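**Q** Single-letter residue listing:
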Amino acid sequence: MAYSIQVQNLSKQYCIGSSQMETTIREALTSLIRHPLRRFCEKKNHIWAIKDVSFNVEPGEVIGVIGRNGAGKSTLLKLLSKITFPTYGAVKVAGRAASMLEVGTGFHSELSGRENIYLNGSILGMKKREIDAKIDKIIAFAGVEKFIDMPIKRYSSGMELRLGFAVAAHLDADVLFVDEVLAVGDTEFQKKCLNAMGDMRGGGRTVLFVSHNMAAVENLCRRAIWIDSGQIVRDGPAKKVIEEYLSTFKATRGAGMDFETITHRRGTGEIRFSGIEFLDENHQSKNIVCSGERLTIRLHYRVEKKVSNPHFGVEIFTDMGTLVASLNTWSSGVEIPYLNPGKGYIDLNIEALNLMTSQYHLSLWTSSVGPTKYDQLDYCAVLEVEPSDFYGSGRGMERKFGLFLFPCHWKISGMGHEASPILSQERVPVQPVISE
Amino acid sequence: MGSGKGIDRMVQVMVKQSGLSVSGEWFREFWHYRELFYFLVWRDVKVRYKQTIFGVAWAIIQPFVTMVVFTLFFRNLANMPSDGIPYPIFSYSALLPWIYFSMAINTAGMSLVMNRPLLTKVYFPRIVIPTSATLCGLVDFGIASVVLLAMMVYYRVGLSWEILLWPVLLILLIMLSLGVGMIFASLNVRYRDVRHALPFVTQLWLFVTPVIYPSSIIPEVYRPLLSLNPLTGLIEGFRASLLPGQGVDWSAVGMSAIVTIIIFVAGTMYFRKTERTFADII
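Here the protein sequences come in this chain order: A and B.
Position one of the first sequence corresponds to residue 46 (our numbering), numbered consecutively onward.
Position one of the second sequence corresponds to residue 328 (our numbering), numbered consecutively onward.
Treat the hints loosely; a few may be bogus.
Computed cross-link-like contacts, DSBU-like style, restricted to lysine-lysine with a CA-CA straight-line distance of at most 30 Å [unchecked claim]: (1) B:Lys377 to A:Lys182; (2) A:Lys388 to A:Lys351; (3) B:Lys377 to A:Lys191; (4) B:Lys377 to A:Lys172; (5) B:Lys600 to A:Lys198; (6) A:Lys179 to B:Lys373; (7) B:Lys373 to A:Lys96; (8) A:Lys350 to B:Lys373; (9) B:Lys377 to A:Lys179; (10) A:Lys127 to A:Lys137; (11) A:Lys388 to A:Lys445; (12) A:Lys137 to A:Lys191; (13) B:Lys373 to A:Lys191; (14) A:Lys96 to A:Lys284; (15) B:Lys373 to A:Lys182; (16) A:Lys198 to A:Lys172; (17) B:Lys377 to A:Lys173; (18) A:Lys96 to A:Lys127; (19) B:Lys600 to A:Lys418; (20) B:Lys377 to A:Lys285; (21) A:Lys127 to B:Lys600; (22) A:Lys173 to A:Lys198; (23) B:Lys377 to A:Lys96; (24) A:Lys191 to A:Lys172; (25) A:Lys172 to A:Lys127; (26) A:Lys191 to A:Lys179; (27) A:Lys137 to B:Lys373.
Facing chain A, according to a computed beta carbon distance under 10 Å, are these residues of chain B, among others [claimed, not checked]: (28) Lys377; (29) Phe381; (30) Val383.
Derived, one-sided and incomplete: chain B residues facing chain A with beta-carbon distance under 8 Å [to be verified]: (31) Glu362; (32) Leu363; (33) Phe366; (34) Arg370; (35) Lys373; (36) Val374; (37) Pro444; (38) Leu445; (39) Thr447; (40) Lys448.
Read the hints as simulated data drawn from the structure, not as lab findings.
As the structure is a prediction and not an experimental result, all values here were calculated from the model.
For glycine and all other residues, C-beta sits at the position ideal for the given N, C-alpha and C.
Construct the complete structure from the given sequences, taking the supplied hints into account.
**A** Okay, structure coming up:
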């Protein structure tokens, strides 16, 4: 068999809602009495997390799997690594496979770092002899030599994470499934991990890599698979697929946005977002938003069924998928007693949008106090932030200067320049060069 | 739908897989992961007595103190007969397999739920988890057996050829614990009632098992009923194999062996039937 991974018509159906999910025998019995004929989950409660997915992977390929939240990426990874079983369809993996859906799976806080390396290694499918041979390298990679015989409950979260990744980075598998593990950890360690994964590519290992970090996918993978609603949208060269994926966000840009046309939605549907508007302080529609400006985000909604104590939230992401802010009524302590059926809107007033010039994506959600989401729209609008003279210096600000602008000022009174507030005036004037 | 035909074909593939070849695969995988199995037992044993004052001594304290209490109450106050054997050794020799069994079914029953992060994040044969939980108790069993040896020397109990039955009974006891443990473990994944039922079931089970009393005090008519409890023959067997002159009740041991094997096979089958859905519903 030439392929490293063969996936054919892979499908996984989940049953949502309360039926079939009874967690105590009493609930199971009551539901049996109430609906004696119903054996399985009702049709309408079925959702296909993955539907008819087929693809083949050559040995040594490093593939990035991209898509919005809830598109089915993680389910795909779980199916490939045999953690969960498909409803139908088949997966064939040639050689030894290892999955890394979480760093440090099975770590026990009472055991020492060294003991946990053995435990975690064997959970990931390593042989004891293999771990014996690699343990020094693993400890050095994690940089925890001094603490290796201490129980890991005394470790910082960063150390624990490094230890977990160090074990995984030394896995000697033919096929590796990796979930968003790079989203955590400090930048320096992230870089180290990316390098380690780069080595995997050199080592002829097949890697399937799920990530929201488009830069990482573009760097590491030659091929990318874009998944939406459990199906493959595009499968091809990473650069092209990413461009196409990102362009779907751009389609939704503008000062306002109508959500009524969005058909496949998540959430239970008591409340539906019907639109979003960006407004200035006079409640006039705003096309251009500049760094530091006041901004009102107006969320239009439609209530289908009376709800009590709903919460609303707006999440702001960078175009690489980093969550910049999660602004919601719950955190702000705003209580909405109830909402009657009908239309309405809620305003989010941002005093100063201190974001560096760039493109940001918004996700919206509304939920009950519990975990029930009424509606959720991921990456549904684009917020284009234009440059402004934020510090009043006349100097432009670019994305390379970071993500945020803070209202701040420099004081140079301790430097012996009491009189003049502007440093540049103190410079020795440069003789103008006269040309010609 | 264009892919309709493809689906039918794949469904057939899935059906075909559930034959004998899958069982072979299952055992092969289990063998491949034998080291994980070892490490999980090692973890549980190691963690159990960390940050405890008495440490491993707990393995002795529990059966020994229970034996002392039993002797005080049942022997001295209630005048419980013990088939002519000193009551302390009579109860201790039965307490060892009993404590092993009750601990094994409790830890195995909770094992899948306790290892939830492993089930949802990594693939390995799921059977490794309840099995390692069951075997973990053998360490305590071994340690506590040293005390039993000392007691046998103290009470000058000689050995007979029937001691050869002892390891066979131990294997049956492990199989029984694992069978019951697997059923509880997989039930627990779906129904959290098991958490409340387990201690209760264990408590009741002790009363229908001849640990405190010899089965000879049970009226003849009820004995066949009692022997349906597989622990009856096993625990009486443990006692008889160690203490000479008891006479092994072969029919009771045979009955227990049959029930044990039925429970073990049923437990394995039920576990295999449900393990595919563990990660989805746990």
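**Q** Hey, A:Lys172 versus A:Lys127, does the alpha-carbon distance stay inside 30 Å?
**A** Holds, at about 20 Å.
**Q** Holds or violated: the hint that B:Thr447 contacts chain A, with Cβ atoms closer than 8 Å.
**A** 7 Å, holds
**Q** Taking only the CA atoms, is the gap from B:Lys373 to A:Lys191 under or equal to 30 Å?
**A** Given pair B:Lys373, A:Lys191 holds - Cα atoms ~22 Å apart, limit 30 Å.
**Q** Hey, B:Lys600 versus A:Lys418, does the alpha-carbon distance stay inside 30 Å?
**A** The hint is violated at about 33 Å.
**Q** For a C-alpha distance cap of 30 Å, please report whether B:Lys373 and A:Lys182 respect it.
**A** Holds, because 25 Å separates the two Cα atoms, which is no more than 30 Å.
**Q** Using the nearest Cβ pair, does B:Phe381 come within less than 10 Å of chain A?
**A** This hint is violated: B:Phe381 lies away from chain A, its Cβ roughly 17 Å from the closest one there, beyond 10 Å.
**Q** Would the hint linking A:Lys191 and A:Lys179 be met if the CA-CA limit is 30 Å?
**A** 18 Å, holds
**Q** Would the hint linking B:Lys377 and A:Lys179 be met if the CA-CA limit is 30 Å?
**A** Holds, at roughly 27 Å.
**Q** Was the hint right that B:Pro444 lines chain A, CB cutoff 8 Å?
**A** 6 Å, holds
**Q** Decide if the proposed pair is consistent with the structure: A:Lys96 and A:Lys127, CA atoms, cutoff 30 Å inclusive.
**A** 17 Å, holds
**Q** Mind checking the alpha carbons of A:Lys179 and B:Lys373 for me, to see if they're no more than 30 Å apart?
**A** 23 Å, holds
**Q** May I ask you to test the interface hint for B:Val383 with respect to chain A, counting a Cβ-Cβ separation under 10 Å as satisfied?
**A** 15 Å, violated
Going down the numbered hints, you'll see the structure goes against 5, 7, 8, 11, 12, 19, 20, 23, 27, 29 and 30, while the others check out.
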